[in-house]
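J.: Given next are the chains, with one letter for each unit.
2 protein chains.
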Amino acid sequence: MGKIADRYFETDPYSVIERGFKDAHSEESESVFSLGNEYMGLRGYFEEGYGGKSLVGSYMNGIYEKRMSPEGGYKGIARATEYMVNALDYMYVKIKAAGETLDLASCGFSGFVRSLDLRSGLLKREFTWMLRSGGSVKLTFCRMLSMKDVNVAVQKITAVTEGFEGEIRLTVGLDLGKVHRTDGINRWSVLHKGSEKGKLFITGKTESEGFVIKGTASYTAAGFEEDEEGAESEKIVSRVLMGLAKDGKAFEFTRTVNLTSFGRYDEYNLKDDEYPKETKATFDSVYADNKAFWQKAYETSDIVIKGDDKDQQGIRYCIFQMYQTYNGAKTGTNIGAKGLTGESYNGNAFWDTETYCLPFYIFNNPEGARNLLYFRYLTLENAKERARELDCRGAFYPIATISGEECCNLWQHASLQLQASTAVAYGIWLYTKITKDRTFVRDYGLEMLIEISRMLASRGDFNADHTAYGYYCVMGPDEFQMMVNNNAYTNYMGRFTIDYLLEELEKVKEESPKEYENAVKKTGLTNDELKLFKEISKLMYIPRDEKTGIIEQHEGFFKLPHVDVDSIPVSDFPLYSHWSYDHIYRNDMIKQPDVLMLMLLFNGSFTTDEIKANYDYYEPKCIHESSLSPSVHSILASQLGYAKEADEFFSFATRMDLDNYNRNTGEGLHTTSIAAAWMNIVFGFGGFRCDGELPKFAPVVPAKWKGYSFRLSIRGCEVLVETDREKAHISLLKGKSLDALVYGKEVTLTPAGESFPLFEKAEENVI
Amino acid sequence: MGKIADRYFETDPYSVIERGFKDAHSEESESVFSLGNEYMGLRGYFEEGYGGKSLVGSYMNGIYEKRMSPEGGYKGIARATEYMVNALDYMYVKIKAAGETLDLASCGFSGFVRSLDLRSGLLKREFTWMLRSGGSVKLTFCRMLSMKDVNVAVQKITAVTEGFEGEIRLTVGLDLGKVHRTDGINRWSVLHKGSEKGKLFITGKTESEGFVIKGTASYTAAGFEEDEEGAESEKIVSRVLMGLAKDGKAFEFTRTVNLTSFGRYDEYNLKDDEYPKETKATFDSVYADNKAFWQKAYETSDIVIKGDDKDQQGIRYCIFQMYQTYNGAKTGTNIGAKGLTGESYNGNAFWDTETYCLPFYIFNNPEGARNLLYFRYLTLENAKERARELDCRGAFYPIATISGEECCNLWQHASLQLQASTAVAYGIWLYTKITKDRTFVRDYGLEMLIEISRMLASRGDFNADHTAYGYYCVMGPDEFQMMVNNNAYTNYMGRFTIDYLLEELEKVKEESPKEYENAVKKTGLTNDELKLFKEISKLMYIPRDEKTGIIEQHEGFFKLPHVDVDSIPVSDFPLYSHWSYDHIYRNDMIKQPDVLMLMLLFNGSFTTDEIKANYDYYEPKCIHESSLSPSVHSILASQLGYAKEADEFFSFATRMDLDNYNRNTGEGLHTTSIAAAWMNIVFGFGGFRCDGELPKFAPVVPAKWKGYSFRLSIRGCEVLVETDREKAHISLLKGKSLDALVYGKEVTLTPAGESFPLFEKAEENVI
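Top to bottom, those sequences are chains A and B. In case it helps, this note's numbering puts the first sequence at residues 13 to 779. In case it helps, this note's numbering puts the second sequence at residues 13 to 779.
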């Protein structure tokens, strides 16, 4: 692995603290201090401007632009890439004192502390600015995004001047002129802007997509004598506040921003110079609302780790960022691979959503999970169109998307990876199984499953003598094996999807004949198709060595040339940058779990011996070049009693971004890995499984911890699992009883709970 | 197949005639009437300009520009594409009479005849221009490129005026402003231009590559009274000739162009306003020189077909165009897939050169063949650099190139196709075997073979248990199977190359110890490498069904889903345009011969039964979407006695462009298919084979022909094979005796020759 921590922040169970500031960590800090409320995302950049390394990023979920690929593509190769476009900088401020301009890249300063409070989402920064001309200004910057009213952001800047007399000047504004770094251009035009004392407003439209947003800010400015219109550049509206500094004089600027997107320009029904009604929110009201929000969030989702503050901080930060990225309040959006924290991966959502993130929401925030799945229903037509482009029937879900259209113009990924589609089926299955909600599958899921199964029945083929069915020219989860035939994961997920459809057809028909008829009628499902589905399911080929129980990742994998991954020099990583592109694909090296992923998702369908055989075979071949890979291995290692490996793989999962393990946190947070970190604790050390008839628990406690606890929402019950070094205590915080398997034995969980002694040796554990 | 002729030209054994002109055929005619002398290429466009469909193309072999792919590629993916850039229009003329401008798209005309004389390369066009104002001008346009002095082109325009009095005005010029159609831009800057009475000169430089060319023209203008400087646009130098029309008055304009490229701007040692010495060539001298050139060319290369004028015209046109494209007079150039006749395929050369074109030259023009191979020696350093980019050792020859650099930015072709490299080895082998010249392999070939073998020993891998060696993630000749393992063709050619290297190492060591030492020293060849080469050769895996004798195109091919190619609707072709890109690669359909190609190249290494089994298995799976495919099938069909199929596949080989079978002749001629047409007759009907110890002949005569003859240069002898419906007569035109196999029997060919009766039934024939 060779990945090591680059620790920079202070350890604290409920906050992230940066004491002293280093330019080398500047963009990393911007990412780590990102705020989000699923509607807006704001990197932790210095609002006053910074001459050093900085990615000033302010994003709005679902507001994207398009970038076109050059001509000359073939059919089925996506030409347009949607990307989350850098939007309004509503924290914009320029600060001058005694004629000097504040910029921490060039000014003297002391006592720098920046902290993010995980119980309120308050980002606070304070330091003393030492003026070149003598004297100083003690500054504090606070900001929050409202978790309750997602259009609202607040800012408070206080300044106390010492040791000089002269002008202090704030230019406060709304800036639509920030450049999108990847493209090197700004894609907004300002339709209207204006200001009056205490108010700023701006309306902008994106270039290619025509999305309209309106931002207003109302502000107070204590200590300033004058307030006049500013004259910044064309895409900025600003006002200039002037005050006179004196020893000990305090200034306070607060603003409340209201930022709203109005969809496409031709659809919106306000005039360019009309603005929505002012919000009544204040800095203090947002703080109070946020405190309440986070209290409630931790009530269902907190993980407590005893005896390891770093891990405690790490996992809580993960949970905090998951909620910031997505909490299900708004339908129609998805989770980008970097959340709302940077430009990387274009803000696109991948199959990570259903495979890694959805479980977190299902077990913590079922309503959020439902809305996440509903995104796939809203974009079913896009998936059907995409299937047609790929010469398939039914629905082919995109590998990367914002709006529902395929945005990945690498055909070798977009056209060959079927797991985005089967992940949607998996998501419907898991949601339906874990919650008591059957309305989703009845009203939407059945139709989706029919269309996905149709795709699966047209994208695959029977082999030459019609004795087996499978998928040819695919790329499974392991992206280092391209254009392979009969990838086990793909085939297995294909069969699972079809089987699950057949099962739900029966169930829904019985439960809700009308909805059943609707789905059949709407999709035009025929008996011939059902017959074909059944035949495919029966003949689906899963390559497997009967003697060893090892599933062959794809047909022919066993015969591939062997590469000893430990012999690859560290300087060769990441391989995509250092190896010839085709070189990566020519051996038995794998990038991330493929067969093992299957064994996690359908854990109960494999014996421990099988999992062991496959783990022992595949893990040594894996270079973990996906940030999602170690968690999966950690979970299975834990199950197999490989405590040391479980710990090692876990070590950087929770603190991947806090300790910048991959050295690219500056580009944005690894949001979907954050979800994997949660799974790593719950499924790994907690030994939780949910694929069988009953939920299973089999906690172990890593040697370095004194214990830990986590909470899960299952079928309307709220389960609390608490461990210490001797026992696991499992009780219900909500609900009266829940049948479960604990360490392999059937028990009924109750509010009072029950204690179970831990196994002395990890390898004796039973999941 | 479904390909049908679109006959437009008149049939004549020694010329191509267009009688009457149709705009719909305009660009097709421009291609068919292309002139070339391997240094320059000139499409048959109307020099006076044409408002209808026209691709005014004037090319110089080796003068190219670069087009860059967008950023973001991976290592080993070519970013730059070289393309033969549209160069100087040295035939430029504008014609006015009585104030009207000649343009056949809008003017009245009659008696249009255009003809290309295959015995002189004279392109002549005549018609009478009917003036709107009454009266007419009888015009004749003639042009030639000199085959002797390749920098020289000549033009003659005559005009006879009738029925009007008024001014006749010719603006004659040299035009560097023509646009490159694919890019939509012109890539020349004019460094100098000028004119005086009777002379025009221009110096230009290309934008990205900085190639400098200089064109001069000296002209005579009989019947014109005035000659003054023209004022065309910036990139044209011109003069205006004015004369007074009278009944029956004749005007004659002739020019001799001297066009030379001087390499890169920083390397050339003339001043911009200096020009090379004038050529003494005249229209008449060029005509005489060309007649002599073509007479000599047909003496070694002509194919005579008795009883079928269309096929006769077709094959002679093929031979004519092969010589126009390349005749070996100049080293350092290669053969583009469209020759010098259009922009398609960017003027790039492919592995077609060694596989399809080289045999033509080896058997007709050994010196030309040697120069063609020498191109690969000149570009060996590029191939070594390319190998490094692909993480290989040795030399990896480009799939598509002009200068020697890889120009194909589709990694799935450029990085996966090894056949360009092994084709070079094949070319060295065939050239050395057929000619008596061992100097090439001694001085250059050995070094090339070592470097290619090195690549082959680093690009391939041993399988997991080290019992077999092969190539993983490759694309064989059949471009419809991508990223496959152990493609039989690739593995076979790899083994062939290594074996041939080992053989030549022995031979050269014995014959020329000094040259042997040089090659070993220069390449740093080690004994460990030799050991590895031998092990690889021994373990090279050729997948094959022992029971049926069918070679498996690649590992797993037999199990691929089956597609009945006859069931694919005609409207789906070409599949690249109508099927989703990935869809093409997921079944047992093949685009062009792969295993069968092997069985043609190494025909004697397979029994007739094996060839039959493989032909019967693979041909029905082939959709012949490469224009090279039918000839290969025709040759093998002929060998197997499948006379009907042999005829059918042959039917469009010789007249592919004359009858525009693929409906895209307008983009340029199918130059490499032209070579395949030659092979189709010689190897197909002639039953000629050259891969064994002795040359083999086994002629059959297609039912529709009375007979045919062809000539081959073998080991210094000139063999003439003449057939009629009863017998084949084989004699030597040069040389005293040559051992050969005729119909399976060993004979010694002599100048007097010997007659061999034909077999009555095609299937009884013995090759």
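To be clear, the hints were calculated from the coordinates, so they are not data collected in a lab. One should not assume that every hint holds.
To be verified - DSS-like, lysine-lysine: derived pairs with alpha carbons at most 30 Å apart:
id: 1; chain 1: B; residue 1: LYS65; chain 2: A; residue 2: LYS559
id: 2; chain 1: B; residue 1: LYS283; chain 2: A; residue 2: LYS571
id: 3; chain 1: A; residue 1: LYS34; chain 2: A; residue 2: LYS150
id: 4; chain 1: A; residue 1: LYS550; chain 2: B; residue 2: LYS65
id: 5; chain 1: A; residue 1: LYS633; chain 2: B; residue 2: LYS108
id: 6; chain 1: B; residue 1: LYS543; chain 2: A; residue 2: LYS87
id: 7; chain 1: B; residue 1: LYS559; chain 2: A; residue 2: LYS559
id: 8; chain 1: A; residue 1: LYS633; chain 2: B; residue 2: LYS87
id: 9; chain 1: B; residue 1: LYS308; chain 2: B; residue 2: LYS108
id: 10; chain 1: B; residue 1: LYS445; chain 2: B; residue 2: LYS624
id: 11; chain 1: B; residue 1: LYS108; chain 2: A; residue 2: LYS65
id: 12; chain 1: B; residue 1: LYS78; chain 2: B; residue 2: LYS283
id: 13; chain 1: A; residue 1: LYS571; chain 2: B; residue 2: LYS108
id: 14; chain 1: B; residue 1: LYS546; chain 2: A; residue 2: LYS87
id: 15; chain 1: B; residue 1: LYS571; chain 2: A; residue 2: LYS78
id: 16; chain 1: B; residue 1: LYS559; chain 2: A; residue 2: LYS571
id: 17; chain 1: B; residue 1: LYS318; chain 2: A; residue 2: LYS87
id: 18; chain 1: A; residue 1: LYS136; chain 2: A; residue 2: LYS322
id: 19; chain 1: B; residue 1: LYS34; chain 2: A; residue 2: LYS78
id: 20; chain 1: A; residue 1: LYS571; chain 2: B; residue 2: LYS209
id: 21; chain 1: A; residue 1: LYS571; chain 2: B; residue 2: LYS65
id: 22; chain 1: B; residue 1: LYS448; chain 2: A; residue 2: LYS633
id: 23; chain 1: B; residue 1: LYS34; chain 2: B; residue 2: LYS108
id: 24; chain 1: A; residue 1: LYS550; chain 2: B; residue 2: LYS571
id: 25; chain 1: A; residue 1: LYS543; chain 2: B; residue 2: LYS571
id: 26; chain 1: A; residue 1: LYS87; chain 2: B; residue 2: LYS322
id: 27; chain 1: A; residue 1: LYS546; chain 2: B; residue 2: LYS571
id: 28; chain 1: A; residue 1: LYS78; chain 2: A; residue 2: LYS448
id: 29; chain 1: B; residue 1: LYS308; chain 2: A; residue 2: LYS571
id: 30; chain 1: B; residue 1: LYS571; chain 2: A; residue 2: LYS571
id: 31; chain 1: B; residue 1: LYS34; chain 2: A; residue 2: LYS87
A quick note: this is a predicted structure, and the numbers were derived from the prediction, not measured.
J.: With a cut-off of 30 Å on the C-alpha distance, tell me whether LYS136/A and LYS322/A pass.
T.: Judged against 30 Å, a Cα distance of about 21 Å means the pair holds.
J.: For LYS65/B and LYS559/A, compute the direct alpha-carbon distance and say whether it is at most 30 Å.
T.: violated, 68 Å
J.: Keeping to a limit of 30 Å between CA atoms, is the pair of LYS543/B and LYS87/A held or broken?
T.: violated, 47 Å
J.: Next pair to validate is LYS633/A with LYS87/B; report whether the Cα-Cα distance is within 30 Å.
T.: The hint holds at about 23 Å.
J.: Decide if the proposed pair is consistent with the structure: LYS571/A and LYS108/B, CA atoms, cutoff 30 Å inclusive.
T.: violated, 74 Å
J.: Quickly compare the C-alpha distance for LYS318/B and LYS87/A to 30 Å and report which way the hint goes.
T.: violated, 47 Å
J.: Hey, LYS34/B versus LYS78/A, does the alpha-carbon distance stay inside 30 Å?
T.: This hinted pair is violated, its Cα atoms lying about 44 Å apart.
J.: Against the 30 Å threshold, does the CA-CA distance of LYS571/B and LYS78/A hold or violate the hint?
T.: With a Cα-Cα distance of about 42 Å, the restraint between LYS571/B and LYS78/A is violated, given a limit of 30 Å.
J.: Check the hint pairing LYS633/A with LYS108/B against an upper bound of 30 Å on the C-alpha distance.
T.: violated, 77 Å
J.: When you check the alpha-carbon spacing of LYS34/B and LYS87/A, does it fall within 30 Å?
T.: Judged against 30 Å, a Cα distance of about 34 Å means the pair is violated.
J.: Take the C-alpha atoms of LYS108/B and LYS65/A, compute the straight-line distance between them, and say whether it is at most 30 Å.
T.: Violated, at roughly 67 Å.
J.: Has the given pair, LYS571/A with LYS65/B, been kept, meaning a C-alpha gap of at most 30 Å?
T.: violated, 56 Å
In this structure, the earlier hints numbered 1, 2, 4, 5, 6, 9, 11, 13, 14, 15, 17, 19, 20, 21, 22, 26, 28, 29, 31 are contradicted, and the remaining ones agree with it.
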